[in-house]
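One line per chain: the protein sequences are A, B and C, in this order.
Going by the working numbering, the letters in the first sequence line up with residues 1 to 501, in that order.
Going by the working numbering, the letters in the second sequence line up with residues 1 to 313, in that order.
Going by the working numbering, the letters in the third sequence line up with residues 1 to 321, in that order.
To be clear, the hints were calculated from the coordinates, so they are not data collected in a lab.
Footprint (simulated), chain C over chain A, 3 or more residues, beta carbon under 8 angstroms: (1) 65-77; (2) 86-100; (3) 104-113.
Derived DSS-like pairs: lysine-lysine, alpha-carbon spacing no greater than 25 angstroms straight-line: (4) C:Lys12 to B:Lys110; (5) A:Lys378 to B:Lys8; (6) A:Lys128 to A:Lys115; (7) B:Lys5 to A:Lys344; (8) A:Lys344 to B:Lys313; (9) A:Lys63 to A:Lys18; (10) B:Lys5 to A:Lys378; (11) A:Lys437 to A:Lys486.
As the structure is a computational prediction, the values presented were derived from the model and not from experiment.
Quick reminder that beta carbons are idealized off the backbone N, C-alpha and C, glycines included.
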Amino acid sequence: MFELRKVEKNFPNVRALKGIDFRIERGEIIGLVGENGAGKSTLMKIIYGAYQHDGGEVLIDGKAVRFENPRQAMQKGIGMVFQEQSLIGNLSVMENIFLGFEQQFVRFGVVNWKKMAAAARFQLAKVKLKIDPKTITSKLSFAQRQLVELAKVLTLEERVDGDLVILLDEPTSVLAKEEVELLFRLVRELRSRASFIFVSHRLDEVLELADRIYVMKDGEVVDHVVSTEAVAENIQRRMVGRDIDKEYYREEKQRPYLPEKVLVELDKVSLPGKYYDISLKLHAGEVLTLVGVEGSGREAILRSIFGLQRPLFGTISIKGDRVRSFNARNSVARGVGYIPRERKVEGIVSGMSVYENITLSQLRNYSSAGFLKIPKEKATAREWISKLHIKAPSEYADCGHLSGGNQQKVVLSKWRSGGSDIILLDHPTRGLDIGAKEDVYDMVRAMNADGAGIILIADTLEEAIGLSHTIAVIKDGKIQKQFDCKQGARPSLFDLVHYMI
Amino acid sequence: MNLDKLKKHFPWITLVVLAIFVGLLDPNFLRPENLLQLAGDISTLFIMALGITFVIYIGGIDLSAQSVANMTTVLATLLLPLMGGFAALACIAIGAVFGLVSGFVSTRLKVPSFIATLAVGGVALSVGQYASGQKALYMDAAMREQAFGWMTGNIAGLPREMLIAAVLLVIGLVIERRMVVGRVLKAIGAGELAASASGLNVDRYKMIAFSMSGACAAIAGLLFAVKLSGGSPVIANGFLLPAIVAVLVGGTPLTGGVGGVLNTAIGALIVAVVRTSMLYLDVPATAQQIFFGLVLIVAIALTIDRSKVRTVK
Amino acid sequence: MLSLPNRDELQKWTPVLVLVALIIFFTVVNPNFLSLRNFARVGISATPPLMIAVGTTFIVIMGSIDLSMEGAVAVCAVVFAYIFMALGGTLDGWAWIAIPACCLVGAVFGLINGIVHVALRIPSFMASLSMGFVGIGLSLVMTGGDRIRVEDPIFRALLTERYLGFPLMVHVALLVLVAAWFIQSHTTLGRNFYAVGGGEDLAHASGLNVRRVRIIGFALAGIFYAIGSLFAVAQIGIAETATGYNFMFVAITSIVVGGTALWGGSGGVWNTLVGVLIVNVINNGMIVMGLPRYIQDGVLGVLVIIAVVLSTDRKSLAFVK
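Here chain A stands alone, though its shape is the one from the complex:
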């Protein structure tokens, strides 16, 4: 009944979806799996109307439709249960359920709260949630809120003719085991009312719940299986599968690190809710990669090392000194440099020139008595522009106008020129084209050769395998397994995925 045919979606420089074919029948539960960046969320956004497709067609019961916004999609019976919950905390449960559709309870401008409460109870009964609809939403548990969210989507049943399609985006990521089981039982029962598209990182859950599974990779559907016949390992292979070119990751340039020179040491560090009992060592000349799915806790670990988030237990030492006061200033002073994922927000200052950006973290070295030594700044900038082949008209160019790859090089120059020797790379190649990626890999090797240690959160698993000396696989905030990646004895994608999900 709901079908996508050859759907395309392009963003500037990125072909996000390449001819997606997808269909869902009445009462079906469809699983959608893929790595980060495989195109799952783009696909979902097209389905529920947040994005519009550029090619192909979206069909409901064979008729082509086009949603300009989520509300139009809702009118056709397509609802979304968000991962980042979309309920407004300060409103009551019933107000959230009927937000934007209160008119049915209003007479002469006055809301009939009793009528709304009764209607809300009816919706909550669908999801078997026995709470007072007048409860303030923020007082509910996460699982309860998720059910309210589901109830809110199920109001579509009364509102629209035709069939419902409900998207569940990572609904289980923060739920306890029993809550997951409860949710699954509910979804199975609700099949009589709606079809579901279930998106999850957790393959076992998808296999358990879904009737059919679509596997995505690089904006394409690479596999489509009936769950009863599916084999987890095959799906995992399809999710990640691609031949790796050793040349690409500059593996031949990888040199052994210096085991006697420890730059960063984490000793049983915990931040409840984020990560637990993390012990790691970063050595000079090493690339240490944290691998895990989104939300596994790898970002939080990185943020703690940079001093943005104080861990509750355990100790972090930088070059032998225990870190006591956690802030970015201290870490920078100790030689830590952070290359954030949000390059345009936390990496470069757009509106400032290349030289201003490069010296921003080390103004002390480029000033005396508070006065800037601008010629020296420019000289440094010119040096790094030529060293890293930064494509900028001059050191005066506004960083905001550079391409992503060149912005990344500017951020790297900022830290390297200041002598930082502990570099934290958070998705350094995200959104870069292939040439720019190769430049980043070159720089990683060069920094290693200079004795710097690198902690990496890679954009893809191939990247992690290709670049690392050591890989720590993290799941649910704990280190599951540590791999030693000697040249020629690297773990396979499958080895990693096995511990990740």
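Could you slot chains B and C onto chain A? The hints should help.
Frame of chain A, contents of chains B and C only:
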């Protein structure tokens, strides 16, 4: 040349066009003496605007400047007999402290700057009223001449107020373009998150910006007190609007990061020319407020960087 | 069973406790404080700011702010007085038309304010501040700086006529307050204010026309400013530009002191009532204690900072401008 590049030149083009327009109305307007007089008259306002520029530059706002200036007129008058010329330094220091408090409340206590400065402005108002006993005070003419005489009159045909403003402008320019403070303030205005991820002590520099604003407001109050030879807790009322207008019309947007003190100088001159043109056009003084209020709205709407404010609240 | 109140509960009741504590404190210092006469005095001084603060409360619930009230009140008061005097100058005749006309002017002023903020996408504090300046200028132009006397005894009965010891205006204001509560709690519009303040993006995603809600909110606030201006004129029998003076500070202070957070989504008109009472009890108490009136602004300034700091869950804020 695209529109974006042209936008940068808007302020001075506006100034020139306006000046020519007024010159057509009355050729006397363009006479050098008249223009110098005009620049002299706007100096006090410009100095206040100069300070506010630093705060707007980092994406905040200072609504306390007028109250601080008011308070300073009172304190200057009271301190003159006690401290002579040093009263000036004391006033500037007090202004800087009030700014520092605003900065502290806004950065460390996380109170939005418009509320923080409004509140600190209330405190300054109270101090002014308390110190003055709620009446206008007058300076002793001889003492004023001795201590502050160098601030008034002309030197080589140039109004001294204008020279003071020019000196402050140069200092402001040096701070903005040649000093670490200026660089960091720019980084904060253009990308606060990146600035703090670069290991900069963002809070401290923000507080510096607020205290520079407080100090400038105090200097403006001081000049005003000397000019009028006295002080009162309401004497500088009506300064805040044109001062903010000067900053924004000059091309420093509410979202900060671009523009700067030179822009504010141009903005202040635009305000001066507009005021003069209103005289020529027989627009009553009372209507100026309406006009400047509307100009403020237009200036904000034209300059604000909407990519920096995700939801406009 | 007794249990320790949690942070939410504590935050909810703190303003009331503060109010009670203040009353006890001033009574101890000077027993004259606790008298019907003095309470009537507090009531009179609190009435106009209450109306204005209630109007602004709706805006603050949405997470925006309105700083235009001084200009709005000045314009409303002056327009009211002109129409009132032009139509005979007494409520006994056609001059009553001035009252709805005044409300209309307030609504239009607020509407323009909201449109400037929403359509030009200017932060509300600057949009409304500018509009406030425009309003003050407008009233100056209309009056030429003069005062207009409104001495109709029937209109002034708002102040002079007393029931249960309180002047009529206090009773009327309470009725208006109840109406405001009704709008806040029993109309879609009122609830939508909370939705916008609680999560603008989410409200938008749920299909709410956030821009419309915002504009209507500002217009609604304008009506309350108009009502406030009526009381202010009735209080002293004069309409002038200065009628609006100092309302901005008092209103904002009252709202935050009452427990409506500046970030939006919480609080309401009852909080504002408590806030206005706190502010006016302090003012009155200081006078009863013999302290000079001009300390007010300083005290209010400190109060605002403390209230905002206490109401802020600072961990949830990344950075503040």
